[in-house]
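K.L.:
Listed below are the residues making up each chain.
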Amino acid sequence: MQTVAIGTEIREFVVTNFLFGKGDDLSDDESLLDNGVIDSTGVLELVSYLQERFDIHIEDDEIIPANLDSIHNLVDYVGRKTSNLR
Amino acid sequence: MCGICGVLNFDSSPADAGLLTEMVSTIRHRGPDEYGIYTDANLGLGHARLSIIDLSGGHQPMQSTNGNLVITFNGEIFNYIELRQELQQRGHRFATASDTEVILHLYQEEGEQCVHRFNGQWAFAIWDRNRQKLFLSRDRIGIRPLFYTQTPRGFLFASEIKALLADSQVSAELDLHALDQIFTFWTTIPPRTAFKNVAQLPPGCSLVVDQNGLRVKRYWSLAFPPEGGQFAGHEEELANNLRDLLLDATKIRLRSDVPVGAYLSGGIDSTVTTALAASIVGDRLRSFSISFDDSEYDETRFQQEASTFLHTDHSSFVCTPAEIAEAIPQIIWHCEQPILRTAPAPMFLLSRLVRDSGFKVVLTGEGADEVLGGYDIFKEAKIRRFWAKNLSSHLRPLLLKRLYPYMDGVQRQSLAYLRHFFRVSETDLASPYFSHLPRWELTARLKLLFSDNVRHQLGNYSAFDDLAQTLPADFSSWCSFNQAEFLETTGLLPGYILSSQGDRMAMAHSVEGRFPFLDHRVVDFASRLSPNLKMKALAEKYLLKCACSRDVPRAILKRTKQPYRAPEGKCFFSRGAPEYVDKLLSPHSIQRNGIFDPRAVGILADKFKSGRPVSTKDNMALIGVLSTQLLLHQFTRSSWRSFDLCKQWQSEPKFANSW
Chain A
29 MQTVAIGTEI REFVVTNFLF GKGDDLSDDE SLLDNGVIDS TGVLELVSYL
79 QERFDIHIED DEIIPANLDS IHNLVDYVGR KTSNLR
Chain B
2 MCGICGVLNF DSSPADAGLL TEMVSTIRHR GPDEYGIYTD ANLGLGHARL
52 SIIDLSGGHQ PMQSTNGNLV ITFNGEIFNY IELRQELQQR GHRFATASDT
102 EVILHLYQEE GEQCVHRFNG QWAFAIWDRN RQKLFLSRDR IGIRPLFYTQ
152 TPRGFLFASE IKALLADSQV SAELDLHALD QIFTFWTTIP PRTAFKNVAQ
202 LPPGCSLVVD QNGLRVKRYW SLAFPPEGGQ FAGHEEELAN NLRDLLLDAT
252 KIRLRSDVPV GAYLSGGIDS TVTTALAASI VGDRLRSFSI SFDDSEYDET
302 RFQQEASTFL HTDHSSFVCT PAEIAEAIPQ IIWHCEQPIL RTAPAPMFLL
352 SRLVRDSGFK VVLTGEGADE VLGGYDIFKE AKIRRFWAKN LSSHLRPLLL
402 KRLYPYMDGV QRQSLAYLRH FFRVSETDLA SPYFSHLPRW ELTARLKLLF
452 SDNVRHQLGN YSAFDDLAQT LPADFSSWCS FNQAEFLETT GLLPGYILSS
502 QGDRMAMAHS VEGRFPFLDH RVVDFASRLS PNLKMKALAE KYLLKCACSR
552 DVPRAILKRT KQPYRAPEGK CFFSRGAPEY VDKLLSPHSI QRNGIFDPRA
602 VGILADKFKS GRPVSTKDNM ALIGVLSTQL LLHQFTRSSW RSFDLCKQWQ
652 SEPKFANSW
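Going down the list, the sequences are from chains A and B. Numbers 29 to 114, taken from the numbering used here, label the letters of the first sequence in order. Numbers 2 to 660, taken from the numbering used here, label the letters of the second sequence in order.
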């Protein structure tokens with residue numbers, strides 16, 4: 029799957045699930061935490077979505093902002109995880 | 002308990018008895034036993050009575066013997082017997098055995114200062130004919146409601162907003178700033194209400210209305226000593242003092258000419274009030290509780306444990322998600338503001354059980370968590386501060402995980418995330434709202450649902466700034482624990498717990514709640530306690546547990562605190578959900594009311610319908626939208642049909658056909 033396509037899908041998920049569709053202002057580098065986009069349950073929703081959609085397994089110690097805290101980080105992370113699978 | 006209302010026309014036109022009758026009619030549920038109207042030229046008072054004390058003599062509105070004073074009163078003055086004796090010694094003669102008459106006599110004697118002498122829960126208005134002055138007062142904590150408004154003609158007041166709307170000159174228009182506050186704090190900041198031009202008298206305040214206009218005067222406020230100035234040490238003695246106070250607070254709350262029952266939730270607070278009442282009454286006490294078929298919310302085991310231990314004659318009912326969804330329109334009709342949780346619904350159904358069992362009065366345990374250090378939010382703030390002192394600690398944040406064993410979102414979180422969610426940074430530590438930041442900032446995210454128009458109208462409005470204006474001058478000198486208690490006791494307690502979940506839900510079925518923990522002597526005593534006695538390390542309500550260790554079963558004393566919660570958003574999407582849900586969430590309905598963004602609401606509803614996991618924020622968002630839509634539907638002038646239906650004596654408004 030192309031990085032661009034992954035980015036589009038993840039953005040769609042984040043905007044729909046956490047911003048009630050109101051995500052026009054959200055840039056790819058913006059912190060989902062600092063802007064209150066994501067709450068504690070949201071992180072688990074995000075993890076569950078990533079696991080199902082991209083068929084990856086996420087360890088608890090990978091649930092950290094460095095991996096999940098912006099669209100950009102998420103795309104990188106999913107890219108790394110899926111390339112590991114190949 | 003009762004419903005009160007009144008008018009004072011500034012243009013000297015006579016008070017309209019027909020209007021007063023309509024006003025009383027809208028709040029008849031608060032007092033179905035009898036009603037009364039009094040008019041005197043441009044002044045009119047109305048009263049719907051729930052007869053509890055002096056059943057045959059306490060009719061209202063009540064006049065003083067010389068006719069110079071007239072009162073309409075909702076509530077109870079629990080120390081009326083002592084005050085009456087004192088007044089008799091001073092030469093006062095009483096025509097009735099009611100507490101209402103005591104207020105009149107004490108006002109005669111001490112004027113506006115009389116309120117300092119009352120131990121109780123009240124909202125009343127006294128017409129002082131000689132001075133042509135209307136004097137209104139509300140109890141210290143805000144147990145009883147009191148709303149008012151002004152029209153070009155004059156001043157109107159009532160126990161509920163709907164009574165004010167009986168006057169065609171008063172319209173119900175949603176106050177967007179109030180909505181912003183509710184979608185942040187879960188309540189408005191008094192005197193604001195959900196509606197423009199309708200104010201509430203803040204707790205602890207009196208109001209004088211005369212030819213010079215309106216003057217609000219604060220006669221009491223919750224205060225704490227500066228850091229270091231609290232009671233400390235002598236635990237045993239302080240525990241004994243607390244128990245003595247609670248026992249007396251309970252004893253005077255059993256004063257009634259009708260039987261008094263008790264709510265028994267399974268937690269320590271209501272077990273204490275029930276135990277103390279049982280020790281005073283001697284007979285088997287009647288107790289009532291809610292149970293849920295979902296074990297996540299159910300506390301039946303502890304309720305039974307308490308009931309068996311205290312030998313009460315216990316009744317409970319199983320509250321289902323379907324009943325909650327069904328009841329919400331009536332809930333909103335009664336609580337008159339948007340809500341973010343369904344928790345009022347079971348309380349509404351519980352008061353129906355009480356009423357159907359032949360009871361009008363119940364003791365309840367509310368207030369203990371606020372004044373004696375019980376809430377998780379206090380514990381959470383303490384842990385957050387503790388963590389902030391050593392941010393690199395890997396052990397300290399684990400306390401947060403221990404605090405919320407039932408929250409998956411907390412259990413599976415890395416430290417980096419926890420630190421963000423629980424706002425552990427230097428900037429946050431400096432905030433006067435530190436304790437409440439995680440809750441309020443999460444709630445404020447719901448404002449994303451507002452329509453562009455509403456967002457535009459609100460501009461840069463900050464509810465936090467508004468709240469800052471109301472903080473006492475010495476707030477910053479209090480320790481952080483007391484600051485948190487203040488925010489909770491003056492905010493959520495009167496604005497939601499005692500109103501949407503309290504007075505309104507009980508009075509919907511003509512039931513009066515009485516709150517021993519909110520006796521002002523208990524509140525004052527508790528405010529002087531060292532926070533370490535309220536929450537010792539992380540042991541909540543420490544002194545209360547010491548004080549009442551022999552009154553409650555060990556299992557309840559030792560149990561992990563379970564916050565009272567009810568099934569949330571999913572109630573509205575199960576099979577057979579009521580028709581109003583889809584209609585009110587439809588793009589057409591959302592667009593017509595203009596408050597929310599139809600697409601955003603659609604996405605939210607789809608998330609629930611899809612069966613995917615939903616968050617606390619999603620639940621609050623859904624109930625916030627639904628309740629606001631219901632409020633607009635029921636209260637704005639264009640759909641005033643529910644009001645017409647409610648005019649019928651003793652009938653609940655019927656909504657099913659009026660969408």
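Note that these hints are calculated values from the structure, not bench results. There could be a bad hint or two in this list.
Simulated DEER-style distance windows between Cβ atoms [what the hints assert, rightly or not]:
1. S111/A <-> Q305/B: 23 to 33 Å
2. H100/A <-> V217/B: 33 to 43 Å
3. T637/B <-> S111/A: 34 to 44 Å
4. G107/A <-> A417/B: 41 to 51 Å
5. P564/B <-> E40/A: 49 to 59 Å
6. R108/A <-> A233/B: 54 to 64 Å
7. D314/B <-> H85/A: 31 to 41 Å
8. G107/A <-> A578/B: 52 to 62 Å
9. Q30/A <-> D607/B: 19 to 29 Å
This one's a predicted model, so the numbers in the text were calculated from it and none came from an experiment. Idealized CB from N, CA, C, for every residue including glycine.
K.L.:
Evaluate each hint against the coordinates.
P.N.:
Status of the hints after comparison with the structure:
1. S111/A <-> Q305/B: 23 to 33 Å: 58 Å, violated
2. H100/A <-> V217/B: 33 to 43 Å: Violated: the Cβ-Cβ distance is about 53 Å, outside 33 to 43 Å.
3. T637/B <-> S111/A: 34 to 44 Å: 57 Å, violated
4. G107/A <-> A417/B: 41 to 51 Å: Since G107/A and A417/B have Cβ atoms about 21 Å apart, the given range 41 to 51 Å is violated.
5. P564/B <-> E40/A: 49 to 59 Å: 35 Å, violated
6. R108/A <-> A233/B: 54 to 64 Å: Holds - the Cβ-Cβ distance for R108/A and A233/B, about 56 Å, lies within 54 to 64 Å.
7. D314/B <-> H85/A: 31 to 41 Å: 56 Å, violated
8. G107/A <-> A578/B: 52 to 62 Å: 42 Å, violated
9. Q30/A <-> D607/B: 19 to 29 Å: 27 Å, holds
Hint violations for this structure: numbers 1, 2, 3, 4, 5, 7, 8, all remaining hints satisfied.
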